[in-house]
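Heads up: the protein sequence lines correspond to chains A and B, in order. Counting from 287, one number per residue, gives the positions in the first sequence under the numbering used here. Counting from 287, one number per residue, gives the positions in the second sequence under the numbering used here.
Errors might be hidden in some of the hints.
Any copy, or any two copies together, can satisfy a pair, since identical chains are not distinguished.
To be verified - Under the rule of at most 20 Å between Cα atoms (straight-line distance), these lysine to aspartate or glutamate pairs were calculated in the EDC-like manner:
no.	residue 1	residue 2
1	K289	E537
2	K369	D324
3	K468	D523
4	K434	E477
No wet-lab data here; the hints were simulated from the structure.
Protein chains: 2
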Amino acid sequence: MEKPFILVVNDDGITAPGIAALIDVAKQFGEVAVVAPDKPQSGMGHAVTLNAALRVNSWEKDGIQYHACSGTPVDCVKMGVSKLLPRKPNLILSGINHGANSSINVIYSGTMSAAIEGAMEGIPSIGFSLCNHSIEANFSAAKIYVAKIIKDVLENKYQNSCLNVNIPDIPAEFIQGIKVCKQASGNWEEEFDERKDPMGKSYYWLTGKFVVYSNDEDTDEWALKNNYVSVVPVQHDFTNYKLINAIKHLENA
Amino acid sequence: MEKPFILVVNDDGITAPGIAALIDVAKQFGEVAVVAPDKPQSGMGHAVTLNAALRVNSWEKDGIQYHACSGTPVDCVKMGVSKLLPRKPNLILSGINHGANSSINVIYSGTMSAAIEGAMEGIPSIGFSLCNHSIEANFSAAKIYVAKIIKDVLENKYQNSCLNVNIPDIPAEFIQGIKVCKQASGNWEEEFDERKDPMGKSYYWLTGKFVVYSNDEDTDEWALKNNYVSVVPVQHDFTNYKLINAIKHLENA
Numbered sequence: 287m288e289k290p291f292i293l294v295v296n297d298d299g300i301t302a303p304g305i306a307a308l309i310d311v312a313k314q315f316g317e318v319a320v321v322a323p324d325k326p327q328s329g330m331g332h333a334v335t336l337n338a339a340l341r342v343n344s345w346e347k348d349g350i351q352y353h354a355c356s357g358t359p360v361d362c363v364k365m366g367v368s369k370l371l372p373r374k375p376n377l378i379l380s381g382i383n384h385g386a387n388s389s390i391n392v393i394y395s396g397t398m399s400a401a402i403e404g405a406m407e408g409i410p411s412i413g414f415s416l417c418n419h420s421i422e423a424n425f426s427a428a429k430i431y432v433a434k435i436i437k438d439v440l441e442n443k444y445q446n447s448c449l450n451v452n453i454p455d456i457p458a459e460f461i462q463g464i465k466v467c468k469q470a471s472g473n474w475e476e477e478f479d480e481r482k483d484p485m486g487k488s489y490y491w492l493t494g495k496f497v498v499y500s501n502d503e504d505t506d507e508w509a510l511k512n513n514y515v516s517v518v519p520v521q522h523d524f525t526n527y528k529l530i531n532a533i534k535h536l537e538n539a
Numbered sequence: 287m288e289k290p291f292i293l294v295v296n297d298d299g300i301t302a303p304g305i306a307a308l309i310d311v312a313k314q315f316g317e318v319a320v321v322a323p324d325k326p327q328s329g330m331g332h333a334v335t336l337n338a339a340l341r342v343n344s345w346e347k348d349g350i351q352y353h354a355c356s357g358t359p360v361d362c363v364k365m366g367v368s369k370l371l372p373r374k375p376n377l378i379l380s381g382i383n384h385g386a387n388s389s390i391n392v393i394y395s396g397t398m399s400a401a402i403e404g405a406m407e408g409i410p411s412i413g414f415s416l417c418n419h420s421i422e423a424n425f426s427a428a429k430i431y432v433a434k435i436i437k438d439v440l441e442n443k444y445q446n447s448c449l450n451v452n453i454p455d456i457p458a459e460f461i462q463g464i465k466v467c468k469q470a471s472g473n474w475e476e477e478f479d480e481r482k483d484p485m486g487k488s489y490y491w492l493t494g495k496f497v498v499y500s501n502d503e504d505t506d507e508w509a510l511k512n513n514y515v516s517v518v519p520v521q522h523d524f525t526n527y528k529l530i531n532a533i534k535h536l537e538n539a
């Protein structure tokens, strides 16, 4: 059997320790190529670059092709699959993100949007996030679970699947295992920190507090709070099927 | 009864003709405030600005407060609701977008992401798009259907609802009515247009062709092709419930 070809991407940028940890695990499973942003792209969601041209710097190191792209995480997947890679990847891995992408954060996350884009292209994709924002986070426990989940997805090839994997920031011996969950309901309560520039004009920094609304045992937030690795399968049909009947009368408006 | 307070936002920028058309309709239904990007922000998806501060320029015209914001469409909703507006809006309207946001384009669309963000904040929200990219598009037929749908949502107050409304670019007398639909399956087949700068270095423009995979009668693509206004209710729980059982064995990995 041919070795799987694995595209690795992230949103913290190609020099982040998290992507190095992911490449380390990925190369045990196949041939790896990296297409990642040349600068941090957190919170970019599913943004694509329409109003500017993209630049790419490429190099090889230890048998792995690296491409640093000026675009968003989703741009990186599109450029990788449609332009830069020699063939279609069998698997796309995104991360390991420095910081959680559980609950509604899947919608803001460049890490997860890259994985969703992979699934949209028909390639099984997994986004990994460690619940620690620090650049100095320790990925050693995370790598154990990253390997377990990659192995399963390569064996089972769930069609067009995308998994959102979040890993608690604790030593491996305290992790209780893996929980397959749904996305917890939650949201950010925003505050804008208003400051004055030297000319006396206002500018604003987005800040806020994340609030979990549902904390049921079948959610990713529950799993993480109870020291489990959470795995949420993610899809990209946004239709709210439950509302279709309630608004059907609009057809007579 | 107090007049509804309506926040209007878009992704083509505060000076686009589409948002002027939407404001025109909205002010028939209540008090209007506008928070919109100070420049075009198409394809920004659910991006938020984390690495830069935001600027806002505000003015009043014909009794309406306008706020031009340096951020993304989602930033505009957050700033409007959490900082700029005197009270929580009863309704958020996004658009009218110059160009369709049917099928999978909901995921890339700044217009629709602003509406989804509104629903996440617990405010009924509607995104409107006209199937014509031109800056000179004619919004007169669109405005008739925008009014019908706003009226219905204000009357029925579907909780946390978000609607994705696409309007064919034809005169009103040829529009067959409204269809409540699901998001058609489809995707972009990308090509990157590679060019050389004067120094001989490559740069790339994202281009591509949109391909519809499903064309069933219950989809938005079918509705638009058959001259109906399409209305897709949209939600923000990305969990792929169908896959949960298929991957449950991961808990034993």
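Results of checking the hints against the structure:
1. K289 x E537: neither (53 Å within a copy, 26 Å between copies)
2. K369 x D324: within (17 Å within a copy, 33 Å between copies)
3. K468 x D523: both (16 Å within a copy, 9 Å between copies)
4. K434 x E477: Close neither inside one copy (39 Å) nor across copies (35 Å); limit 20 Å.
Comparing the model with each numbered hint stated earlier shows that hints 1, 4 do not hold.
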